[in-house]
Each structure stands twice: as C-alpha cells, then as structure tokens.
Amino acid sequence: MDLPPPGPVDAPAAAPVDADAVVVAQQLVKRFGQKTAVDGITLAIPHGSFYGLVGPNGAGKTTTIRMMVGLLRPDQGNVSVLGRWVWPQPAPIKNDIGVLPDDLRLFERLTGRELLTYLGLLRGLERAVVDNRTDDLLETLGLTADGNTLVADYSTGMRKKVALAAAILHAPKVLFLDEPFESVDPISSRTITEVLQGFRERGGTVVFSSHVMDTVERLCDHVAIIANGRIARSGTIAEVCNGKRLDDAFVDAVGSPASAGGSLDWLHQ
Amino acid sequence: MIRLARLGAGMRWAITRNALRRRGLVVFVLTLLGAGLGALIGFGTLAAAQVAEADDRRVILTLTCTIIAIAWMFGPLLIGGADETVDPSRLALLPLSGRQLAAVLTGAAVSSPVTIALGIALLGGVVAGWAGPWGGVFGGLVSLLAMLALFVFGLGAARSVAALMGLANRTRRGRDLAVLIAALAGVTLWIGSQLIGPLVQSSGTRRGARIVDAMAWSPPGWAARAVLHARAGHPLAGLWWVLALVPVGAVLVWCWARLTGRLLVGSERHQARRAVGTGVVWPRATNANGAALAKAWRYQWRSPMKRTQTLITVVMSAGFALLQVLQLAGDEPAPKAVFVGLIALVFCADNAFNVVGFDSPSLWLEVTAGGGFGHNQLRARLLAYSFNVALAAVAAIFAVAIVGGVWAEVPLALAVVPGAVLCLLGIGAFLSAVAPLPQADGDNPFKRPAGSNGCIYGISIIAALVCVSIALAPVLVPMLAGDGRWRYGVAAAGTLWGWGLWRLGLHLADAVLARRGPDLLAELADRAAL
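So the protein sequences, as listed, match chains A and B.
Going by numbering that gives the first Met the number 0, the first sequence opens with residue 0, and the numbers climb by one from there.
Going by numbering that gives the first Met the number 0, the second sequence opens with residue 0, and the numbers climb by one from there.
Simulated from the structure, these hints should not be mistaken for lab results.
Where is the CB? At the ideal position from N, CA and C, for every residue including glycine.
Each hint should be verified, as a subset may be incorrect.
Claimed, not checked - Taking lysine to any residue pairs in the SDA-like style, the calculated list, with each CA pair at most 25 Å apart, reads: (1) A:Lys34 - B:Leu263; (2) A:Lys172 - B:Gln99; (3) B:Lys335 - B:His506.
Said to hold, decoys possible - Simulated restraints on C-beta separations: (4) A:Glu125 - B:Val136: 27 to 37 Å; (5) A:Gly141 - B:Leu179: 40 to 50 Å; (6) B:Arg21 - A:Asp184: 41 to 51 Å; (7) B:Gly97 - A:Arg189: 32 to 42 Å; (8) A:Ala144 - B:Arg16: 43 to 53 Å; (9) A:Glu125 - B:Arg261: 31 to 41 Å; (10) B:Trp253 - A:Ala144: 39 to 49 Å; (11) B:Leu520 - A:Glu125: 50 to 60 Å; (12) A:Arg104 - B:Arg514: 40 to 50 Å; (13) B:Arg502 - A:Asn227: 21 to 31 Å; (14) A:Arg189 - B:Ala521: 45 to 55 Å; (15) A:Ile186 - B:Arg21: 35 to 45 Å; (16) A:Ala127 - B:Ser96: 41 to 51 Å.
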C-alpha cells in the first residue's frame, strides 16, 4: 500500500485514509540513550486481520506496540488507528482499542470484579452495562469463583485473563496484546485463544506479539518479523513463510546466532 | 468531572479497605485508630495555640504547620510507598483527557484516610485564629482560608513529590536520589517533631529563634503567620499571607498535573541495557566462600533495596545522633556524646537480623547450586552487610563531632565500632537462622515486609537488641565511666569479644540451618515472599 510521508509527532498531517488498513505505523523510531530500540518501522495492519508480531528478545516488539497504543511517545514517525493519528493526543483513540500490555500494572488491591467495574465506569459505560459485561467476562474466562479475590492473589494466568477482560470490556474495535500467552497454562491459553477468535469473528482486529511460532502460525493470517528494531519481513503468513514453516522463515529472516559454534563438549564427558 | 472524581474516591476507598483487610482486622483497626489519633493530636496542637502566650503561639503554629506539610509530603514514602492511585500508569489505557485524569486522581487523593486526618488536624488552625465572638468572625474566616490554602499546598506538594519519586524510580540513580531525599526528609521531620518541646522552651535562645524564623518564611509558615495575624485581631494582614500562599499551592497542583502527564506517557520502564561489569568476576573467587562473598558484595550495591538500606541507615543514624545534640538547646555536648553514634546498631538491626529472609528466592538458587544449605551464604551476607553497619556508625559519630564540636573521644568511639559490629552480626546470624521473615528483593526500594509475621519479627528484633546491649555493656560502661588511654585496651578487648560472639553466632546458626534446612527453604519459598 502507498503511505503518505511520515508526520512529525507534534504536528501531524491528516491521518492516512486506507479503507483496508486499520492500523498504520509510519517510520516509527524510538531511542533509549544510545540504543535505538525501534528504527523506522512502517507497517499496515488490515482490517479484520489476526496480525502477529514476532522477533527475538529485544527486537523492539513491545516498544512498537507501546507506541501504537499511545503509551510511549515515538521520537519520530506516527501511528494512525482507525484513520486517526495516535500522537500527540493519544487519549481519544483509547476508546476504540483494547490493550493487554506486557507489564501487567493492575490495581493489586482491588478484586477482579472491582477492577473491571471501576475501569468500565471510568470509561464512561453505564453501571448496568458494566455489571452485565463483568459477569459475562468473568464467566467466559473462568474467573467467576475468583471474582472477589484480590488481583494481588491471582496467579500469572489469572492476571492475564483479568487484564484481557479489562481490555475488551468496552467492546473495542482493535485489540493489541503483548505476549498474551507467555507464562500461561494450556487451559488458560485455550480460553484466551477462544476469546480472541470470537472477537475476530465479530469483526475485530487483533495485533499481538509472541515468541511462540506455532501459536502465531496457527492463529494469524498476517505476520511481521521484527529484528533489531526493523521489519525484516511482513505480509500474509503464506507470503512470509514462502512454503516453509514459520520458524524456518523466522531464522532465515533474523539469522542464526553467531556464537552457535560453541560445542559444549565438556557436557558429555 | 464530579462523576470521575467520585469514581476516583470510590476506587481509593476500595483499595484502602482491601489492603487493610488483607493485612488483618487488627491492622485495619490500628490504622484507623492511628489516623484518628493523628488527626486529634494535630488538631489539638494547633488549637492549643489559641490559649498560648503570643511567643509560644508563634512557635507552635509555625512548627506544627511546617511539620504537617513535610509529613504529608514525605510520610507516604517513609511508611512503605505511596498508594496505587498515585502512579497514573495503571489508568494509562483509559481514554481520559488530562483534566479527566486529574479529576480521578484528585478524587482519590482527597479521600485518602491520611488526607482526611490531615484536613481534620488543620481545622485546629481555625480554632487557633479565632479572636473572639464578634471581631473574631473575620479572623476565623481568614484562618479557615489559610488552612484551606495550606491544604491545597500540602496536597499539591505531596502528590508532586510522589509523582516525582515515581518518575525517579524508573532509573537506578533516580531511585537512589529518591531514597536519599526521603531519608533526609524523614530525619528532618523526626528531628522537628522531637524539637517542638525544647524549642518552645528555648525559643528565646538564639538557636531556637533562628530555626523558628527560618520556618516562618516557608509557605507553611505563611499559613501560620496568617493565623497569628487573625488571632492578634489583624485579619487583613493575615489575608495577605493567604493570598501569597494560594499561587504557590496552585503552582504545585499544576506541577502535579504536569508530572502526572509525564508518568502517563513514556511509562516505558525498559532502559537501554547497560553493561555494568567489566567481564572479570571480582574478587577472583576460587572457592564457594569467595564466590558467596563476591556475590553478596555485588548485591550490596546493585540491589535497589540493599542500597536503600545503606542510605537510610546512614541518614537515620546520623540524624538520631544529631537530635541528641540539638535537644541540648544551647548547652554544649560532653566529649563522650560521640558514643551516641553507636545508635546506628539499632537502625541496622532490622536488616542484620534477617539476612536469611532477605531475597529468599535467590537463596534457593544458592543452596541448590551449593548442594547443601550453604552456610557460606550466611557468612557472606553478614560480612557484606558489616560495611553498611560500620558506615552508619562512623557517619553518626562524625555527625555528632562536627555539629557538637567535640573531637576528643572520636578515636575511642571509632575503636569500639569493629567490636560492636561483630557483636550485632553474631547475634544477627543466630536470629536470622531461627526466625527469618521472607522479604523479596525488588525494584521498589521502600517496600517492607508486611503481614502478621511482622509483629513477631518486631518482638524478635527488640529481644535481640536487648541481647546486643547486654553484650556490649562490658565494653561501653568503662568507656563512659572512665577516662584515660587504658580504654583503648578495652576497645581492643571489645573487638576480641565481638569476634567471639560472631563465631558463636555463626556456629549456632549453622546448627539451626543444618537441622531446619529443607523446612526453612519451604518457609522462605518464592510465593511466600511476595
């Protein structure tokens, strides 16, 4: 697709209009001191897609997602979601997106039910709507019995699930999930997968990052491989894989580790 | 906006209620009683200025207003961190504009039990400014406005400091700076609270008058001036001080809003990965003891909580020792006052007596790697911590010497330090093995162990400190009772005595660890430490 030139963060031009793309990232750059975490990422995520962001540790996936959802200000470039620029005013776009961040900073001293209720009300939803949706979500995610338990006492999987519930409580159009399956048991993983597939079948778009190639290959129809803060490959799964398995395509794109020559001979003595 | 503020208040109350309930009914009741008692004491102290003599009234109002403001600003940091509603990053995913977010956070801020208690306390200032049934109405109104302005100032300052600390906590150096500021503020607050009585008595002296004069020029002091003018029947003069305080409060609230915005966007905690090592593991450990010591030494400086311990114990020890000198209110301290620097042992006891419980998850790894319980870990942790104790004691001794101008006994006091440190750590070794309290290491330098174990732990510390006092008595009594160079011999004997206690403590601790090994590990399991 043709993208307009990247707009500066503080003075955006008109957001790009693309009937097919729901999220458009343009030349995103983010530096932390001397390190360039994201180095000019340009990406278009089609409407209704299940889009996977994969890459080695420290490749820039989390930083990219944070810039897309208005949690981290890019040094250069901008992002448009649903035809609106995210920066410099990220608040309005948050009505239409749901986010499951990697560091789950939740209100630990609220119960799961209280957390969802307060977040729903703060989003401006009616009390009755919040109560109904909270019940639905807790039941769907298998948290009904733990609804009155403090978030601080939740296991990792339960925290992921309640954070996912908070992300979809307001029925967003686009979901951004950072490592949703990390540290999650198979049962919880299946539950999350079913919720995400249901979301997508109802017309939603899902963007998520993961290390697990099998999961990405199974769930996603589009994928972008990020390495060293840049897009190494992107497109549909078929285009990126080009007849290979995704993990092989991934290694082709990223390259094998240079130190693979170590033999560990001593281990077998 | 009002709806959002109400939601913020509701959320704040739910968090407070749940947090207190989780820590047990006793803690819940004690906290509420504490807040109520604090409110009454603050109210009573300010209101007492109504009937005090003019000079005393000035001292009472100035000191109390200043102390309330400082306590408000730094108290949350000193008692275990600010509440979850301070850092807006938990609300970062919501579509709230800056003003809407400010409404939520303001609702949460003014509805905190501590804020309510402080508000009640400040009402005492209105009583203090009441000058009589008729002419006093305007004075009372000015006093009320002064206390309202002080409330806004305190709220803005407290939240700005908390937000600033939140930002600072995102970097290693910032965390250290935050700890240092909090520790210094805590000591100032503590010394100030202890000096109210002596200063009231000695406000005629030059030193006392200077301190009160300085405080009277601070913004909380302006509120006190307004009340003083109102009480003296010059409410219009008081109004000018209120008008001066209002813009300061407004600026602080604006700062809070700006800092909140910075906390919200760019809440990225990931920093560029920085190489901190040189690639050489120093010291070149050749055995398990050396490796354990090298690791413990590194942790002493790299762990945020360990560095916090060091900074706080040094500042608190020096501050407490200084307090003893300042309380003399004009009298010169005796040369032997420098021995008060050994009070550092009290401030280090909390950590010295829990070296096994601290960062217990890493103990799992160390024990697993070592194959046994790894008593070398205990020795290493204690030895690494000995530097902390010695540093705190030496800093306190020099603080007293510098402020009091007494240097004659400093060498002797320094000579006692090694024995005292060994004595503390010997008893600490035993207690650490017998009654460890799981305490996770982490990024939050202000986090303290909590729960019902805390009470038992506190009692253990007191009992152990009594043991330390008894053990040090044979060294300290001759030092304080006698004169002459022979006391250097006593100090040397004290070091040997401390060495003996250190060895005995380690021996007993080894026995306990060997007997309780696996059970103790289970007790200190990762999840228990959370």
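Each hint tested on the structure:
The straight-line distance between the Cα atoms of A:Lys34 and B:Leu263 is roughly 22 Å, inside the 25 Å bound, and the hint therefore holds. Restraint check: the Cα-Cα separation between A:Lys172 and B:Gln99 comes to about 23 Å, which is no more than 25 Å; the hinted pair holds. A hinted pair counts as satisfied when its Cα atoms are at most 25 Å apart, and B:Lys335 with B:His506 does not qualify at roughly 35 Å. Distance hint check for A:Glu125 and B:Val136: the Cβ-Cβ separation is about 47 Å, which falls outside the suggested range of 27 to 37 Å.
About 47 Å separates the C-beta atoms of A:Gly141 and B:Leu179, a value consistent with the hinted range of 40 to 50 Å. In this structure the hint that B:Arg21 and A:Asp184 lie 41 to 51 Å apart at CB is violated, the actual value being about 25 Å. Roughly 41 Å separates the CB atoms of B:Gly97 and A:Arg189, a value that falls within the hinted 32 to 42 Å. Separated by about 21 Å at the C-beta atoms, A:Ala144 and B:Arg16 break the suggested range of 43 to 53 Å.
Between A:Glu125 and B:Arg261 the Cβ separation comes to about 33 Å, which falls inside the hinted range of 31 to 41 Å. Against the hinted window of 39 to 49 Å, the Cβ-Cβ separation of B:Trp253 and A:Ala144 comes to about 46 Å, which satisfies the hint. A hinted range of 50 to 60 Å for the beta carbons of B:Leu520 and A:Glu125 is consistent with their spacing of about 51 Å. In this structure the hint that A:Arg104 and B:Arg514 lie 40 to 50 Å apart at CB holds, the actual value being about 42 Å.
Under the hint 21 to 31 Å, the C-beta atoms of B:Arg502 and A:Asn227, about 55 Å apart, miss the expected range. In this structure the hint that A:Arg189 and B:Ala521 lie 45 to 55 Å apart at CB is violated, the actual value being about 32 Å. The hint said 35 to 45 Å for the Cβ distance between A:Ile186 and B:Arg21, and at roughly 27 Å that hint is violated. At about 25 Å, the beta-carbon gap between A:Ala127 and B:Ser96 misses the expected band of 41 to 51 Å.
Violated hints, in rising order: 3, 4, 6, 8, 13, 14, 15 and 16; the structure is consistent with all others.
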